[in-house]
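Protein chains: 2
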Amino acid sequence: MTAPRRASPNTARRKEASRRAILTAAFDLLQEVGYAKLSIEGIAARASVGKQTIYRWWPSKGMVIFDAFLMLSEGADGGPPALPDTGDLAADLTAVLRATIAELNDPRYDQPMRALATEIAHDPELAAAYAQRLEGPLQQAKRQRLGSAQRAGQLAEDIDLDVAVEMVWGPVLNRWLLRTGPLTAEYADRVVTTALNGLRPRQPGR
Amino acid sequence: MTAPRRASPNTARRKEASRRAILTAAFDLLQEVGYAKLSIEGIAARASVGKQTIYRWWPSKGMVIFDAFLMLSEGADGGPPALPDTGDLAADLTAVLRATIAELNDPRYDQPMRALATEIAHDPELAAAYAQRLEGPLQQAKRQRLGSAQRAGQLAEDIDLDVAVEMVWGPVLNRWLLRTGPLTAEYADRVVTTALNGLRPRQPGR
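Note that the protein sequences, when read in sequence, are chains A and B. If you read the first sequence in numbering that gives the first Met the number 0, its first letter stands for residue 0, the second for the next number, and so on. If you read the second sequence in numbering that gives the first Met the number 0, its first letter stands for residue 0, the second for the next number, and so on.
Incorrect hints may appear among the rest.
Any copy, or any two copies together, can satisfy a pair, since identical chains are not distinguished.
To be verified - Dumping the calculated SDA-like pairs for lysine to any residue here, alpha-carbon to alpha-carbon at most 25 Å: (1) Lys36 to Pro58; (2) Lys14 to Arg97; (3) Lys60 to Ala128; (4) Lys36 to Val162; (5) Lys36 to Met62.
If you're looking for bench data, these hints aren't it; they were derived computationally from the structure. Please read these numbers as outputs of a predicted model, since none were measured by experiment.
Produce the entire structure from the sequences given, and follow the hints as far as they go.
What follows is the structure, encoded as structure tokens:
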């Protein structure tokens, strides 16, 4: 038997370099021209590859953008994301939500993230890929942080953790996407406090 | 001096009939072909008017869709929207949120509302028109209902009413738009309970 033919290490390295060049070009162009004017042709030109190379790897520009975000989210260490856990739930959530708001307000990310979010809104298949590969690990990290607070008695026992995550992040994402109000650090603090305490009055000191 | 020339009642009536035909055609076509394939030409053909008639009144297809929603939201009585106020805040919010979810799950509205939401996400000018003319009166009705509960001592005194509204509607709109989970009546109940009680444990009976 002969060994199966495999791509040489050089070929694999060249392919990975092309893939990264394409994803970087897509992300950069998205910031410059917006999603509506983004084209596979434009990405190919910017990345100095043939259009067919892109079509061979991705079925649509939505999926190219998706993979560009996936590349960005791969941390330096490659480990799964985790939320800080200092034992002070309000402080940890506020820190994370303030960082989220800073990212949403950053012009480098605003346009690409809007493009991804609105593609997801119209494309159930992309939404499923997003839920599994990008949002899934992040959602898991948020659930874990809230679950550890719940085990420590800091969250009500009968809370649905998915709903709890949405109480904290839903208002912020919704305000950002539908542009219904300013996104400030002070707003992050208010959302965390309101989500934790609820709308009903509490007895002082509880 | 001669009186200024005014359109005759017949002309005004014909104009209003054309406007309604165009908006109805736009809304219907949106459900059938989706926003990306919706064109001014298509709307004109469906409404049996010339393309120029549409361009004379609206600068973009996003604004046509916007006005189609505005037409839908004009109630039979023409009065401003109001939320039910039976004195039982949880019951009132649950009823309204279940109705919202039923609408979001209705195929007649899902596609047009996604189109409007994603146009808003990319178009600050449309977002401003939306905030003022469509979302504004609704937001005001929600604030009023929560404000009346606050005055009755059913909501904490230091609650920001805008944040309170977002605690109830934000998770639902976000789950719908980003397709991150099922939208059921049971989910509406859970969101209302969690928003009112907060994530932290409460003493029984409070």
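A quick look at each hint next to the structure:
1. In this assembly of identical chains, the alpha carbons of Lys36 and Pro58 lie at most 25 Å apart whether taken from the same copy (17 Å) or from different copies (19 Å).
2. Taking the shortest alpha-carbon separations for Lys14 and Arg97, neither the intra-copy value of 38 Å nor the inter-copy value of 50 Å comes in at or below 25 Å.
3. With identical chains, the CA atoms of Lys60 and Ala128 are at most 25 Å apart within one copy only, with a shortest distance of 14 Å there and 30 Å across copies.
4. In the homo-oligomer, the alpha carbons of Lys36 and Val162 never lie at most 25 Å apart, since the shortest distance is 36 Å inside one protomer and 35 Å across protomers.
5. With identical chains, the CA atoms of Lys36 and Met62 are at most 25 Å apart both within one copy (16 Å) and between copies (19 Å).
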